[in-house]
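Chains as they are written, first to last, in the working numbering: chain S, 1 to 113; chain R, 1 to 105.
Certain hints may be false.
Going by beta-carbon spacing under 7 angstroms, a handful of chain S positions derived as facing chain R [to be verified]:
{"hint": "1", "residue": "Glu1"}
{"hint": "2", "residue": "Phe104"}
{"hint": "3", "residue": "Gly107"}
{"hint": "4", "residue": "Thr111"}
These are calculated hints, taken from the structure and not from any lab test.
We treat Cβ as the ideally placed atom computed from N, Cα and C, and that holds for glycine.
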Amino acid sequence: EAQVTQNPRYLITVTGKKLTVTCSQNMNHEYMSWYRQDPGLDLRQIYYSMNVEVTDKGDVPEGYKVSRKEKRNFPLILESPSPNQTSLYFCASMKDASRYEQYFGPGTRLTVT
Amino acid sequence: GQSLEQPSEVTAVEGAIVQINCTYQTSGFYGLSWYQQHDGGAPTFLSYNGLDGLEETGRFSSFLSRSDSYGYLLLQELQMKDSASYFCAVRGFYFGSGTKLNVKP
């Protein structure tokens, strides 16, 4: 089944404790992105990657890191989480830019206390 | 920069037709996409308009006018399961703030 998976789905952590949210897709897609969604429904792009070893900042990259060492994986790293990073995070992948058809993972609900 | 505007909420009855509008301002244009998101779920792709005109996919249609920087999503024969939030997006990455559609029996 074609899908984007994220782990963990839920995470409660404390300020300053480094964490990684994994994202993997099995569709051989070139593009991958991370978004955060806060109450009020806004989806904002954090980082994106157009190919292996190619990453770039989205609208809200501060406090986040990413890497793309393999085509299928695109982990999101919070090196020193803060309460304002409490949010719902989505990973997405896209084959190419012909239709901008993104496939989203199920989401990771992160709470930083 | 990019900016997209959508109504925050729309209410309609089952079986009716509803139109969700999206106006945008972008530096460069790469098409308008539409996504559906149910409460607690992930966004799912509905349609894409790269050129002016209407795209139809079953009960859903999407329209684009590049000269007016405007598009809309049209949902016909509304069903209760259509109650969700709907987002327009430019370049696939810049999302509007979403329109919550409430379908009433």
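Tell me, which hint numbers fail for this structure?
Those not satisfied are hints 1 and 4.
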